[in-house]
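Participant: Listed here are the chains, written in short residue letters.
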Amino acid sequence: MVATVAQCVLLPVLGIVIGLFFLGLYRKIMARLHWRYGPPLIQPVIDILRLFFQGGMSHGAVFDFGLVLSLAGAMAIILFIPFAQWCPLQGSGGMLVILYLMLLMPLGTALSGGEAANPNASIGISRKLILALGYEVPLLLILLSVMSYYSTISIVDIVRGQQASVWALFSWPLALPGIAYILILPAVLGVRPFDTTTAPQEISSGPLVEYGGKYLAFEHIIHALSLFLGISLFVNLFLGGAANPIVFFVKILVVFVACVCINAVFPRLRIEQAVSYLWKWPTAIAFLGLVVVSLVK
Amino acid sequence: MRELELYFGPQHLGMVGNFSITLKAEGDRVLKATANPGYLHRGFEKLMEYRTWIQNFPLVCRINVVEPDHVEMAYAMAVEKLAGIEVPERAQYVRSIYLELARVGSHLFGLWAYANMLGFDTVAQWAMYHRDLVLDLFEELTGGRVYHIYIWPGGVRRDFPKGFKDKIVTTLHSIGGCVPDYDAAFFNNAIFHKRASGIGKIDQRRARELGATGQVLRATGMKYDVRKVAPYAAYDKVEWNVPVRSDGDAYSRIWVVRDEMIESVHMIFKLLDCMPEGEVFNKPPNPFKWKIPRGEAYARCESSRGEFGAYVVSNGEDKPYRVHFRTPSYPHGLIILEKLLENANIADVGNTMISLYVVAPEIDR
Amino acid sequence: MQIILLTSFGGAFATYLLAKISSRLRDVCAVIVSGLLVVFVALLYNKTPAATLIPSFVGAPLTVRLNMLSWFFAIAIVVVGFLSIVFSFSYIKGKERADFYYLMMLLVNAGMIGIVLSADLLTFYIFWEIMSWGAFLLISYNRGPALRAGMKYIVMSVIGSVVMLAGILSLYAVYETFVFSELAGRIASASPAYSLACASMLCIAFAIKNAVVPLHTWLPDAHSEAPAPFSAVLSGILIKMGTYGLILVLYLFVGVKLFISPTYVWRGFRFVLLVLASITILVPSFIAVMQNDAKKVLAWSSIAQAGYIILGITFGTTLGFAAGMFHFLNHATFKALLFFGIGAVEYRTKTRDLNSLGGLLKRMPITFIAVLVGTCGLIGIPLTNGFVSKWLLYKTLILEGSPFLAFIALIGTWGTILYGYKLLHHVFLGQLPEKYKNVRKAPASMQFVLIILSLAVVVLGILPGIPLKLINTIAVSMGMDSMNINIFGIASETGALNTVNILSVLAAAGIVVWIILKASKKSTRISQEDNYAAGAAIPAERYSYTVDFYNPLYRMIRRYLRDIFDEFYYWIAGRVQAFSDMVRRLYVGDVGCYAMYILLFLSALILSQVWWRVW
Amino acid sequence: MNEGLKEKLEKAFPHAAITSMRDTDYVVTADKESVLSLLAYVKDAGFDHLTLISCVDWIDEGEFELVYILSPYMKDNEQISGNEKINLILKTRIARGNPAFQTVTHIFENAEPYERELHELFGVHFEGHKRLIPLFLERAYDIPPFRKDFDTRRYVKEVFDNIPAIQDIKA
Amino acid sequence: MDRNKIGKWLKQPAKMANKYSLNAVYFCTGCGIIEIPPVITARWDAERFGIIPVATPRQGNLFMITGYVSLKTLRAIIRTYEQMPDPKYTVGFGSCPINGGMYWDSYNTIKHLDRYIPVDGWIAGCMPRPEAVFIGVTHLWTLIEKDMANGYLRYREHYDQYRGNQEKLLGKLDWPPLYATGIAQKEIAA
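Chains as they are written, first to last, in the working numbering: chain A, 564 to 860; chain B, 57 to 421; chain C, 4 to 618; chain D, 1363 to 1533; chain E, 70 to 259.
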């Protein structure tokens, strides 16, 4: 019991720390690819600290509530996704709860951005929801094939199943969904070329347009957490999770760095182009994967 | 039905320069776009009437921040025409080299802007770095990084310093060495092609009607370049090509820019090879007492955005009576942009604008 | 039980009579009647009385009975009925023909209670017709376009009734009884082909009422044109009478064992139903995304949600049945809530055009919260009841090896998210138009209804064990396996659900974040007009992104989402009209003629059934 | 063709005075009635690029001089005919008091912003122009600022120097 | 990070965070903007010091007025400045905002920027080189350290004067006053 509570407290903190580290690393790696030195690794922390000291402007109660909902949702999901062997809430609904809790992040931001009544934010939210629909199609196929293959809706069981044999990415019928997941991973994380949601040069950073001060700091933390969550979900589902935290950290780090390198060599897609890409090859591969899995089972 | 009115600029990350476009939109489709210039209006042409002929040089170069050199050139040519000053032959070569360097720098800046607009930071940063190398050359030659005030009526202020030729060659070689990288990362990038092709498409007939010049016109297939059709400086002394493409969309325009940059570099090498020795400056009389006979002149040159002209009227005083600049961004930014943005997507507004190479201070003056 | 029926029918007419005296008396009477019904039904919990209403009606007795299944439906009917009557107070005040409106509301209510109470097919059919025609009168209450919607509804409804009547009479001709329990016993021995034919006939009627694609076309118009309180009843309860009928047919007549048996015939039948249900989920969800009328969005959403219910019920496992039943209850709560909420907005602003509304959050906060809760339930956000039922559904679909159905259901949920947010954004968020600056809060009676239903959505979401226990009893009584239920969800080896964990985690995280938000430097409160507009003052009235909200998506999917069935039916209607025109040259066209055609058609059908006996 | 154009112009517009300043600049001075037909004529004759519309304020003579500068585009995509280097400067004078002139937007579409600019900076009204709304300026000026009688230095003194510096009350 | 800064971080986290996270609002007010891209890109890399451009005024705390300010731009500048959350710092970049620079006799550019919005620091030059920007930033750091970069407080304190000057030049502004001013209150009372 004490251990569970301790995990419940520690894991979100750990998630935020790792997420912020990722943000810093992201800026550093990008800087190196740009031929420059780059900011210090703790720059995101400094930024967030500064934003907390900056107050900010609120548009109303829902403006606050949406952000709280979003961040609370993000923090809650961490407890459902195994971090190595730690998964305090494994018996509370499994993957399906994760899928639905993941809705809280965009929905909270959308409520908050909607209250701000800025068309730039509304356009960003509309793009975010469309993009989410775009990647949900292959993503759901992928998740369903994994769940059908292991005949469980519990993510812990999936990890256990992989640790008993091989990583799902390298096992025969699940290799197809694994490849599809790799193809859509940048879209799930919302990094370039799929960062149409916040495209600062087009719609002034979209949903973030009215956020300043602590609200923007919250948004940064949510962004950090969503990076962490998206990657740990992938690692758990396809790279076999991990038996101890350090291995797990190394795995998510490797996946993240690969994503950043993709990020650096692409310009931003338009939203229709992004969705039509997502509905073409990744969906086809994921669909094939699901067909194969249901035939094999 | 509720209307949506969006402001693209002036305070907008996608806006290069202080310029604003008001968009009337329905959904993410632009119904009507209205260019809203004037954020940079200083009344140059009025101010010039209060200053002597030479005093105006520091002023005119501020008309186009990205490549002030072509403004200087146009004004100097007009003054030379009015006053009947001859320019030494070496000065013509120096001017050509200098203007081509400015063109390379300006195109690299444009590349930065375009890549940045598409969120392509990596290429944007490379381009800005390379532009800085070009600016270093200017700094050594003229002492100024951005505003050079190098071309004067009667030639250029000073000759190339010692070893400058080699420096130009090494710098340009080091930039040219990265062209394959640029091609692989940017110009041949599939996503860039997706984003840029078909955007802001204009056909040649329409481009002519609306007074387009520069790469907007050349991207529709016409080899119209003032350097070629009405040669000035030393442009008729060497062989060079006018790069064109035929589609007339943003993708073609950026490719024309790329080809032009490479062509400029080759031209600089050729000019450096056959540069004659001699004087570079026919000194005009005391600038503070210099009176130019009554008359008027129109001179034009090809800036990196298109045709740049200066119309100068003198009434025999030591100050110009009236100066009016014809800037390429003027028709591009005020008419063509508005026409191209009709029925465009909101995501493509900045894309279209930057592919037209609009520089706001040129419009406002 | 007779008291319930007496109260409901008698109350309806009593209200109508009292209305002639005073309108206040009418309101009070209506509330008392519907309130009494709630009490009566609640009192009958876990009792199984049976009675005969009329010993012999055209040769057969009209009987009623109550069991857990009917009680489950009945309590939903009376509660939503009661709330809709309360909501009607302010909504209908000052409109013409209000007396008639109340009469019909109560009559439809009574009809539905009769349906779930009836113990034989004849009674069922009689109450079914009362409900159908009452609904027709209410749908066309507003006249104008409503009349057209009502016509569309009644034409399809009559076709359904006729098909059902044919099925009933066929059954009677073969087995010589109308009573469910007797029929269920006898039909088990029938040939699969015959029972399949009867089941399909009845199912067509129920599918029309339940608006299963391709028989859904009456619903979008009818829902959007009906008065808001009735829309809530229509969507939440009335169309679910089809579901009730479906359960009767599939689980009582056919028998659950037979239904999910590996028999070739029934497997095919089940497969067809599952495919129809998944189409019903998928296509209307995305058609709803494209609507610009608030009630049309909800109407299409009703079709899609009915698809979830049918998917669960026809899937046939215990979890699937539980998911379907629970989702029925949930849909009755949150869809009624949404219709009431939008009705309140319509009542205050006199419009339901999404493109012209906006920013009402500041003016109607309670309504906003209600609609927010309703939308969350609709989407299935954890801690609302919609989540639990969908969770059950997905779980059984995945574990029983139907991932494609699960995929379609999940994608339908994404459609739900898109239109749910669109609804919230266009009505309550965004910029407040000038002409709604002075909109007042919803009236107290409306707010009461909204609060009750919002609470129901949340409470059922946090304590799903309450209805699930009930459903478990029903399932067991129908011969299905029992589920392992506790008050906070489901415990099982293959994936448990525990809402209290989710609640506590979310609440704790929320509180921590809220404290951080409030403890850090205080923020300045600014108005909507102080908005970033690239350095300019915002253009009043023109700084709102509402029109074509999902334009990029529309462009991609629009051409696939035409309502081809609607067009097809209109085409048929056109042909029929042309044919009647042709016929009219022979007959002098008057109403009697058409009545005669219908009679002829009916008798032909019945005769053919009676003649062949075994199909 | 150069000489041919001159002769043709002289034949078609006997009132227009045609001088060639240098070998590339032709100056045609016409009265204001024949400007529109002249523009249409030279457009057909190949000068289809309206480079610039300018205005000179000859305050001593009480006249505005409108200047249309035209040059030809290339006839086809590849070949340079030699004509392209010619600038045709077409000038006409209008009265300074209550200045008005016909718009040329129906002949050259790109004349629109130029005329807007001249309307704003010189106060020349162009009849038939569809969008004579402000282009650059934020403040309304009594005298359009580009006229010779508008003294910008005096204006600066009057307006900007009259804005007080912020006084620190506490100090 | 420097070791002896740790003490400062612990003592005055707000000040230090403000110093090392200057997010500049991207606004090309004049020709000075031409030197901003080099500053923030590979050659000079201002991100080393935490300086990055941000999209909207809400997100930033550093406002660089890059170059001369025409009347039309002044309106946008005031609007943008007022939308930034406190604390915010303004830096006048180039000679022109200081006293008009070479446009001292232009009828359309303002001459003294600090009469319309408060300015915390100036970077002189036409135009200042990228190195000068860094010197300006380090100077701003010193000012923040010594609590002298208090333009946003001055703006609040003398808001009626600022607003008066703005309205004197631009006529009526399209947005309501940011703070309740003495003048505004008097007007309401009258």
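No wet-lab data here; the hints were simulated from the structure. Here a beta-carbon is modelled for each residue, glycine too, at the ideal position from N, C-alpha and C. Watch out, some of these pointers could steer you wrong.
In the EDC-like style, the derived pairs of lysine to aspartate or glutamate whose C-alpha atoms are separated by at most 20 Å in a straight line are [said to hold, decoys possible]:
#1 D:Lys-1510 to B:Glu-394
#2 B:Lys-221 to B:Glu-196
#3 B:Lys-375 to D:Glu-1520
#4 B:Lys-284 to D:Asp-1511
#5 D:Lys-1437 to D:Glu-1425
#6 C:Lys-525 to E:Asp-155
On the chain D side, residues computed to face chain E include the following (Cβ under 8 Å) [to be verified]:
#7 Ser-1396
#8 Trp-1420
#9 Ile-1421
#10 Arg-1515
#11 Pro-1526
Participant: Determine for every hint whether it applies to the structure shown.
Facilitator: Checked hints:
1. For the given pair, Lys-1510 of chain D sits about 33 Å from Glu-394 of chain B by alpha-carbon distance, which is inconsistent with the 20 Å threshold.
2. Straight-line distance between C-alpha atoms of Lys-221 of chain B and Glu-196 of chain B comes to about 12 Å, which keeps the hinted pair within the 20 Å bound.
3. About 25 Å separates the Cα atoms of Lys-375 of chain B and Glu-1520 of chain D, which puts this hinted pair outside 20 Å; it is violated.
4. The suggested pairing of Lys-284 of chain B with Asp-1511 of chain D is violated, with an alpha-carbon distance near 41 Å, which exceeds 20 Å.
5. Our distance criterion of 20 Å between C-alpha atoms is broken by Lys-1437 of chain D and Glu-1425 of chain D, whose separation comes to about 37 Å.
6. About 11 Å separates the Cα atoms of Lys-525 of chain C and Asp-155 of chain E, which keeps this hinted pair within 20 Å; it holds.
7. At about 36 Å, the closest approach between the beta carbon of Ser-1396 of chain D and any beta carbon in chain E exceeds 8 Å, and the interface hint on this residue is violated.
8. Because the closest C-beta pair between Trp-1420 of chain D and chain E is about 21 Å apart, greater than 8 Å, the hint is violated.
9. Against a cut-off of 8 Å between C-beta atoms, the interface hint on Ile-1421 of chain D is violated, since the closest Cβ of chain E lies about 18 Å away.
10. At a threshold of 8 Å, the smallest CB-CB gap from Arg-1515 of chain D to chain E is about 5 Å, leaving the interface hint in force.
11. Interface hint at Pro-1526 of chain D: satisfied, since its Cβ lies 7 Å from the closest Cβ of chain E, which is below the 8 Å cut-off.
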